[in-house]
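Engineer: Using the sequences and the accompanying hints, generate a full structural model.
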Amino acid sequence: MKMTSFQMKNRLQKRFANDAYYISFNRDKDTLRIEWKESKRGMTISLPSVIGKFQERGEAALDELEDHVTEALRIMNEEHELAGMEKHIFPVIRSSSFPTETKRGNQLITKDHTAETRIFYALDLGKSYQLIDEDLLAKEGWGKERIDEIASFNVRSLSTEAKKDTVAENDFYFIATQDGYDASRILNEAFLEEMKANTDGDLAVAVPHQDVLILADIRNNTGYDILAQMTMKFFAEGRIPITSLPFIYEDKKLEPIFILAKNRPVKD
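Numbering of the sequence shown is given in the working numbering, commencing with residue 1390 and proceeding in unit increments.
Derived by calculation from the structure, the hints in this document are not laboratory data.
Hints are not guaranteed to be accurate.
To be verified - Mimicking DSBU-like on lysine-lysine, the simulated pairs with C-alpha atoms at most 35 Å apart in a straight line are: (1) 1476 - 1533; (2) 1403 - 1500; (3) 1391 - 1403; (4) 1516 - 1585; (5) 1403 - 1429; (6) 1442 - 1426; (7) 1418 - 1476.
To be verified - Listed next, with one range per pair, are the computed distances between beta-carbon atoms: (8) 1640 - 1393: 53 to 63 Å; (9) 1535 - 1645: 27 to 37 Å; (10) 1473 - 1589: 23 to 33 Å; (11) 1472 - 1517: 18 to 28 Å.
For each residue, glycine too, the CB sits at the ideal point set by N, CA and C.
Structural biologist: Here is the structure:
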């Protein structure tokens, strides 16, 4: 018998019992909100979504939810500084449609990347990170150029060890370390140049979601078809999807491409 929203609400209330939290149930929207009593900052949880995951994975799904929500609430209740945390500042890639301001109306620090993607900047906090906004930057007296320089330096320090698969004479490389910055490695120009120097065909790059970077040495039309299917599959399954369009890397530039079945790519 499927669990009701009211039953799930009771389970979650027990898990998040904390004198510092205020928990409210919205029967009409089928949601549960957990927030700090003092600041009113918090998270809203869709109960049908949680029930679906619970039916599939049981208590493990609720354990994972509890970890994520508790960590998010902890971060919301802290004041963060950039000074002294320079080694923990990284760029993150998001879709060009990703919101450029926080729910509180603060403008996030961004930089143009491609027609499909945009660069944001994150302060790594261990289990999670906080996207850097203009208020935080102003508090430190830093400019956008400084944050970009620091983040660009740090992304070059990340491992670029990749798993390689060869299909129909085309080589595919996957970086999926689950460190939160796999897609960010597309910003490591020295790495892309090294890959370009060692490819026999076209160098294609894809960031279907946050936790993977795909590079491909495409030597025939079949390679383009495989890349298109692969990128779409990863995009559909990703926790934070970015773009289903791969790129051709040439002359130090990334050009989004549409791949037509049995044909070479068409530049966007």
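Engineer: It remains to establish, for every hint, whether it holds in the given structure.
Structural biologist: So, going through the hints one by one against the coordinates:
1. 1476 - 1533: Holds: residue 1476 and residue 1533 sit about 16 Å apart, inside 35 Å.
2. 1403 - 1500: Status violated; Cα separation ~42 Å.
3. 1391 - 1403: 20 Å, holds
4. 1516 - 1585: 33 Å, holds
5. 1403 - 1429: Between residue 1403 and residue 1429 the Cα gap is close to 20 Å, so the pair holds against 35 Å.
6. 1442 - 1426: Answer holds: residue 1442 to residue 1426 is near 28 Å, not above 35 Å.
7. 1418 - 1476: 42 Å, violated
8. 1640 - 1393: 53 to 63 Å: Cβ of residue 1640 to Cβ of residue 1393: about 59 Å, so the range 53 to 63 Å holds.
9. 1535 - 1645: 27 to 37 Å: Because 29 Å falls inside the window, the suggested range holds.
10. 1473 - 1589: 23 to 33 Å: 46 Å, violated
11. 1472 - 1517: 18 to 28 Å: 20 Å, holds
This entry does not satisfy hints 2, 7 and 10, going by the numbered hints stated previously.
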